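Asks: Sequence:
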Amino acid sequence: MNLYKSWAWRALLVCAVLSCNGMANANTVSASATPLPNHTLTVNATGSTTTTTTQSHAQGTAVSLSAAPTAGYQFMAWSGSCTGNSPTCTVTMSGARTVNARFGRALTVTVTGSGAVTSVPAGISCGSDCTEVFNHGTTITLTAAPAAGQAFSGWGGACSGTAPTCTVAMSTARNVTAAFAQSTWTKIADEGASFTVNGTQTVRFGAGSSWVQRSVTGSGQCTNAFFGSDPAWGVFKTCELLSGGASTTSYLLTTTVSGSGVVSSSPTGINCGTACSASFAAGSSVTLTATPAAGQTFTGWGGACSGSASCTVSMTAARTATATFAALSTGTAYYFSDCQAGAATGCLPGSNANPGTQAAPKRNLDGINVSTLPAGTSLLFARGGSWIVGWTRFENMNSSAAAPITVDAYGTGPAPLLTTSNNAIAPFELGGDYFNTSNDGGYVFRNLRLHGSNNSAWGFWFNGNVRDVVIENVDITGFQIGIHSQARAPHGVHNVLIRNSSISRNGSMGMLGQFSDTVIEGNLFEGNNYIDGSGFNHATYLSGHDGLSGYNVTLRNNRYIRNSVLNGVCQGGNMTFHGQMDGVLIEGNRIEQDAAAEGCWEMSITQGYGTAEWFRNFVVRNNKLINAGNTGMNAQSAPGIVVEGNVIINTQTTFQTGISVGHTEYASGDVPDGNAIVRNNTACYPTPHSGSTAVRVIAPNSQVSNNLMLTGAAATTGVCAR
Numbered sequence: 009m010n011l012y013k014s015w016a017w018r019a020l021l022v023c024a025v026l027s028c029n030g031m032a033n034a035n036t037v038s039a040s041a042t043p044l045p046n047h048t049l050t051v052n053a054t055g056s057t058t059t060t061t062t063q064s065h066a067q068g069t070a071v072s073l074s075a076a077p078t079a080g081y082q083f084m085a086w087s088g089s090c091t092g093n094s095p096t097c098t099v100t101m102s103g104a105r106t107v108n109a110r111f112g113r114a115l116t117v118t119v120t121g122s123g124a125v126t127s128v129p130a131g132i133s134c135g136s137d138c139t140e141v142f143n144h145g146t147t148i149t150l151t152a153a154p155a156a157g158q159a160f161s162g163w164g165g166a167c168s169g170t171a172p173t174c175t176v177a178m179s180t181a182r183n184v185t186a187a188f189a190q191s192t193w194t195k196i197a198d199e200g201a202s203f204t205v206n207g208t209q210t211v212r213f214g215a216g217s218s219w220v221q222r223s224v225t226g227s228g229q230c231t232n233a234f235f236g237s238d239p240a241w242g243v244f245k246t247c248e249l250l251s252g253g254a255s256t257t258s259y260l261l262t263t264t265v266s267g268s269g270v271v272s273s274s275p276t277g278i279n280c281g282t283a284c285s286a287s288f289a290a291g292s293s294v295t296l297t298a299t300p301a302a303g304q305t306f307t308g309w310g311g312a313c314s315g316s317a318s319c320t321v322s323m324t325a326a327r328t329a330t331a332t333f334a335a336l337s338t339g340t341a342y343y344f345s346d347c348q349a350g351a352a353t354g355c356l357p358g359s360n361a362n363p364g365t366q367a368a369p370k371r372n373l374d375g376i377n378v379s380t381l382p383a384g385t386s387l388l389f390a391r392g393g394s395w396i397v398g399w400t401r402f403e404n405m406n407s408s409a410a411a412p413i414t415v416d417a418y419g420t421g422p423a424p425l426l427t428t429s430n431n432a433i434a435p436f437e438l439g440g441d442y443f444n445t446s447n448d449g450g451y452v453f454r455n456l457r458l459h460g461s462n463n464s465a466w467g468f469w470f471n472g473n474v475r476d477v478v479i480e481n482v483d484i485t486g487f488q489i490g491i492h493s494q495a496r497a498p499h500g501v502h503n504v505l506i507r508n509s510s511i512s513r514n515g516s517m518g519m520l521g522q523f524s525d526t527v528i529e530g531n532l533f534e535g536n537n538y539i540d541g542s543g544f545n546h547a548t549y550l551s552g553h554d555g556l557s558g559y560n561v562t563l564r565n566n567r568y569i570r571n572s573v574l575n576g577v578c579q580g581g582n583m584t585f586h587g588q589m590d591g592v593l594i595e596g597n598r599i600e601q602d603a604a605a606e607g608c609w610e611m612s613i614t615q616g617y618g619t620a621e622w623f624r625n626f627v628v629r630n631n632k633l634i635n636a637g638n639t640g641m642n643a644q645s646a647p648g649i650v651v652e653g654n655v656i657i658n659t660q661t662t663f664q665t666g667i668s669v670g671h672t673e674y675a676s677g678d679v680p681d682g683n684a685i686v687r688n689n690t691a692c693y694p695t696p697h698s699g700s701t702a703v704r705v706i707a708p709n710s711q712v713s714n715n716l717m718l719t720g721a722a723a724t725t726g727v728c729a730r
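Residues 9 to 730, numbered by the working numbering, are exactly what the sequence shown covers, in order.
Everything labelled a hint here was simulated from the structure, so no lab data went into it.
The structure presented is a predicted model; accordingly, all values stated were derived computationally and were not measured.
A few of these clues could be false.
[Said to hold, decoys possible] So the derived label-pair ranges between C-beta atoms look like this:
1) Ser268 <-> Ala177: 40 to 48 Å
2) Pro275 <-> Gly350: 33 to 41 Å
3) Ser74 <-> Cys284: 20 to 28 Å
4) Ser293 <-> Ala410: 24 to 32 Å
5) Asn362 <-> Ser676: 24 to 32 Å
6) Asn46 <-> Thr299: 20 to 28 Å
7) Ser87 <-> Gly375: 33 to 41 Å
8) Ala283 <-> Ser74: 47 to 55 Å
9) Thr116 <-> Gly308: 47 to 55 Å
10) Ser102 <-> Thr139: 35 to 43 Å
Heads up, the beta-carbon is just placed ideally off N, CA and C, and yes, glycines get one too.
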């Protein structure tokens with residue numbers, strides 16, 4: 009399956025030493041190259057202090073850097089001319105270069121009993137992520153949250169006491185333990201949440217060790233003046249019910265918007281502007297999506313959310329999230345209208361002699377150099393119009409996420425239809441020529457129909473170093489590959505959002521390549537790899553290598569339908585990962601087939617190359633896989649993977665392992681499996697073949713719990729319903 013081997017290249021390594029030993033026992037970065045005075049390489053190694061070393065190297069020299077943490081530190085990440093978190097990187101001296109190497113202190117949390125520990129700043133989320141590296145001197149606040157029926161017993165190690173929070177100063181590596189034990193009280197609400205008790209129950213209200221206990225009937229909120237009957241009770245942070253009493257609990261999620269845009273939720277309830285608060289069941293996960301208004305851009309979350317992608321909130325308490333929008337930096341808008349085959353009735357073509365206003369549109373992009381346009385320029389195509397397009401390359405150093413080059417629609421009617429000419433490599437190439445090292449970006453593509461003509465071109469080609477790209481509400485069909493990324497060092501392809509688009513009927517793959525800091529959500533992948541259903545082709549095929557690409561990727565709420573199908577039967581891949589990837593969230597996706605041959609795995613996190621591979625920090629949760637081959641989801645060389653809440657349905661009368669984690673063959677330096685968490689998954693087999701199982705885990709030191717296999721009528725209703 010190694011589609012990348014023919015593209016691999018080796019940097020020339022020559023010998024010298026670049027030392028960052030500016031202090032005793034400091035973190036160091038060593039470099040191997042022959043020092044010749046030409047270009048200056050500056051390396052900053054930051055731990056408790058920053059040491060700087062400079063040296064000159066000849067034009068074109070490839071300098072190999074290796075980060076070597078001193079005792080008590082761990083390497084965190086590169087920035088500058090190196091990126092990623094691999095301890096090695098290579099810098100080509102085509103000019104002066106600056107590299108920053110960041111080292112930090114490790115905080116490790118151990119939990120006994122049933123409960124979770126989280127941190128502020130984010131990083132620790134234990135059970136699943138119990139070790140994190142923080143900057144030296146950072147103050148970390150840990151919070152212990154007992155599971156239902158448990159109580160927090162106290163801290164150990166670098167923390168002490170029984171308060172639910174503890175503060176740790178990262179002046180050195182730290183170890184903390186959090187102990188939970190069985191409780192006679194069950195938390196039913198946090199401050200602001202509503203609840204209902206059945207009959208008359210004993211409830212206590214309070215915070216920490218200060219409690220007020222009352223006999224309660226009916227419904228209320230855990231807040232000031234409970235039931236309005238006694239204002240002297242005060243404001244209560246937690247309400248608990250004596251074990252044995254039944255209750256229903258929900259928590260309030262409140263959103264606020266700054267700027268112009270809308271926040272919506274899945275499950276439904278939030279639609280802010282108008283409905284900015286809603287109650288959700290305790291323990292449920294709510295995904296918030298921020299959609300900017302015209303002329304606005306989403307700049308990020310606050311409160312219970314962070315970052316600039318969609319956010320998932322765990323409703324274990326009342327939550328508040330803030331979405332901030334800001335005005336885009338605007339530039340010139342050019343309007344285009346053409347009426348090639350497929351145009352709507354009434355289409356009126358423009359002329360390239362026109363100024364390109366809405367009243368007098370141009371016909372096409374002839375004469376416009378998209379790589380020199382000012383930041384914030386919009387290229388707007390008439391709805392109902394149709395164009396035959398060639399190969400357009402974007403390598404614009406003026407644009408940015410806040411002031412992008414935007415390709416969008418205007419007017420009313422069907423989305424603009426852009427059909428490729430037979431000799432086009434890709435209608436939209438982002439990033440310049442094959443070996444370019446520029447770091448351009450800030451491109452938005454919305455509300456378009458992008459159709460290939462011969463199944464040999466690529467719809468979007470990310471080539472080299474590209475950042476800050478949005479593909480939204482775009483129909484991509486009829487190509488060999490719908491979206492293709494060929495990332496290049498030192499930057500790669502970063503900060504890509506592919507959302508609410510249809511990527512269908514592409515002859516080879518819907519999506520292929522290497523992405524980092526990328527969100528792929530709400531898309532339809534249908535009927536890709538339809539020519540021969542090859543096992544080498546997939547609806548989405550993501551990879552990464554050497555820590556320079558393939559990290560921090562989210563695939564959420566996408567739908568995969570009948571990909572890799574030949575003669576009505578799935579033969580090949582659907583959602584596939586190979587190479588070296590780190591920090592991948594796969595959540596809420598639906599992958600389905602009508603029928604499948606044995607090799608049709610619907611989710612494959614496995615080796616495919618002849619070089620070392622690993623899949624670190626993967627979380628696979630709440631996905632639904634329907635009618636796979638002999639395996640629904642397979643993960644190998646994925647230490648610490650979390651697989652939870654997934655539903656595997658097989659209505660065929662064929663053998664199937666719903667979820668398979670771990671293996672025993674580690675060729676070419678592949679990372680061994682271990683410490684997997686596989687829990688709360690359900691396999692639904694109405695007519696199971698002999699030997700079929702819900703899960704198969706052979707990774708050592710793994711936690712496997714509460715996985716079910718349902719058969720017969722029970723496998724067709726409830727969570728098993730299609």
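Asks: A separate judgement is required for each hint: does it hold in the structure or not?
Replies: Hint check results:
The supplied range of 40 to 48 Å is met by Ser268 and Ala177, whose beta-carbon atoms lie about 41 Å from each other. At roughly 38 Å, the beta-carbon separation of Pro275 and Gly350 lies within the given 33 to 41 Å, and the hint holds. Against the hinted window of 20 to 28 Å, the Cβ-Cβ separation of Ser74 and Cys284 comes to about 50 Å, which falls outside the hint. Separation of Ser293 from Ala410 is about 31 Å and conforms to the stated range, judged on CB atoms against 24 to 32 Å.
Between Asn362 and Ser676 the C-beta distance comes to about 59 Å, which lies outside the given range of 24 to 32 Å. Distance hint check: the CB atoms of Asn46 and Thr299 are about 50 Å apart, inconsistent with the given range 20 to 28 Å. The hinted window of 33 to 41 Å between Ser87 and Gly375 holds, with their beta carbons roughly 39 Å apart. Checked against the given bound of 47 to 55 Å, the beta carbons of Ala283 and Ser74, roughly 54 Å apart, stay inside it.
Checked against the hint of 47 to 55 Å, the pair Thr116 and Gly308 fails, with Cβ atoms roughly 30 Å apart. Here the CB-CB span from Ser102 to Thr139 is close to 38 Å, well matched to the stated 35 to 43 Å.
Checked against the numbered hints listed earlier, the structure breaks hints 3, 5, 6, 9; every other hint is satisfied.
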